[in-house]
Amino acid sequence: KQEVTQIPAALSVPEGENLVLNCSFTDSAIYNLQWFRQDPGKGLTSLLLIQSSQREQTSGRLNASLDKSSGRSTLYIAASQPGDSATYLCAPKAGGFKTIFGAGTRLFVKA
Amino acid sequence: GAGVSQSPSNKVTEKGKDVELRCDPISGHTALYWYRQSLGQGLEFLIYFQGNSAPDKSGLPSDRFSAERTGGSVSTLTIQRTQQEDSAVYLCASSFDGTGDTYEQYFGPGTRLTVT
Numbered sequence: 004k005q006e007v008t009q010i011p012a013a014l015s016v017p018e019g020e021n022l023v024l025n026c027s028f029t030d031s032a033i034y035n036l037q038w039f040r041q042d043p044g045k046g047l048t049s050l051l052l053i054q055s056s057q058r059e060q061t062s063g064r065l066n067a068s069l070d071k072s073s074g075r076s077t078l079y080i081a082a083s084q085p086g087d088s089a090t091y092l093c094a095p096k097a098g099g100f101k102t103i104f105g106a107g108t109r110l111f112v113k114a
Numbered sequence: 038g039a040g041v042s043q044s045p046s047n048k049v050t051e052k053g054k055d056v057e058l059r060c061d062p063i064s065g066h067t068a069l070y071w072y073r074q075s076l077g078q079g080l081e082f083l084i085y086f087q088g089n090s091a092p093d094k095s096g097l098p099s100d101r102f103s104a105e106r107t108g109g110s111v112s113t114l115t116i117q118r119t120q121q122e123d124s125a126v127y128l129c130a131s132s133f134d135g136t137g138d139t140y141e142q143y144f145g146p147g148t149r150l151t152v153t
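Protein chains in written order, with the working numbering: chain F, 4 to 114; chain A, 38 to 153.
Just so you know, the hints here were simulated from the structure itself, not pulled from any lab data.
One should not assume that every hint holds.
Here are the simulated DSS-like pairs of lysine-lysine, each with C-alpha atoms no more than 25 Å apart in a straight line [to be verified]:
1. 94(A) - 48(A)
2. 4(F) - 113(F)
3. 54(A) - 94(A)
4. 71(F) - 4(F)
5. 52(A) - 94(A)
6. 48(A) - 45(F)
7. 101(F) - 52(A)
8. 71(F) - 101(F)
9. 94(A) - 4(F)
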């Protein structure tokens, strides 16, 4: 059974700081891994999807890496802004059709 | 085109009543997922539809929960005899193809269900 852990659970940083969010998963036989952000009271917004054959993906100030063999993914946010404040979720998609989500990292970027 | 839409956005119901939640996926998406997010909890997978294949119902928490997808498009999640522990945000997502590794899931805004 896939288990997903996200560290840290919460993070508060000053604006402009670079930061790393960590995700680990127990079943390395994944098809892909998706990072999402969720704003309070809202649905999920897809940030990046990394296919199982890829090592990383970049979108703007975001960079996500994937190490399947060790069951780890990281989301790097450069030059953080107050608008980045949200909960960040990682979701590896393993065998079958289930996508298992981590509990998320709650990020607060102070102006 | 439009994203995933869900209705109603909020639903308050009395314990014991039945409720129906609706999801309209993105046009052309063959895969549709339902998730539940309880207060302070992570997302819990409920059910998955892929085209005309039999749905994966392995995440449904009890036989009070059921879902259908008509014509490969709109989906309805039904909860019978609601209980207070059913209170949560119910999220729907769709993707081009649930079996591949390249397709992102796109989420709707969710339906917040409160059982009193």
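Given the proposed pairing of residue 48(A) with residue 45(F), does the C-alpha separation stay at or below 25 Å? 15 Å, holds
Take a quick look at whether residue 94(A) and residue 4(F) sit within 25 Å of each other, Cα to Cα. Holds, because 16 Å separates the two Cα atoms, which is no more than 25 Å.
Given pair status - residue 52(A), residue 101(F), alpha carbons within 25 Å: Given that 25 Å is the threshold and the Cα spacing comes to 30 Å, the pair is violated.
Tell me if the straight-line CA distance from residue 71(F) to residue 101(F) falls inside 25 Å. Given that 25 Å is the threshold and the Cα spacing comes to 17 Å, the pair holds.
Verify the proposed pairing of residue 52(A) with residue 94(A), using a straight-line Cα cut of 25 Å. With a Cα-Cα distance of about 24 Å, the restraint between residue 52(A) and residue 94(A) holds, given a limit of 25 Å.
Distance restraint between residue 71(F) and residue 4(F), which requires alpha-carbon spacing of 25 Å or less: Distance of about 16 Å is within 25 Å: holds.
Distance restraint between residue 4(F) and residue 113(F), which requires alpha-carbon spacing of 25 Å or less: Outside the cut-off at roughly 37 Å; violated.
Hinted pair, alpha-carbon criterion (25 Å max): residue 94(A), residue 48(A). Please report holds or violated. Holds: residue 94(A) and residue 48(A) sit about 23 Å apart, inside 25 Å.
Are residue 54(A) and residue 94(A) close enough, with their CA atoms no more than 25 Å apart? 22 Å, holds
Violated hints, in rising order: 2, 7; the structure is consistent with all others.
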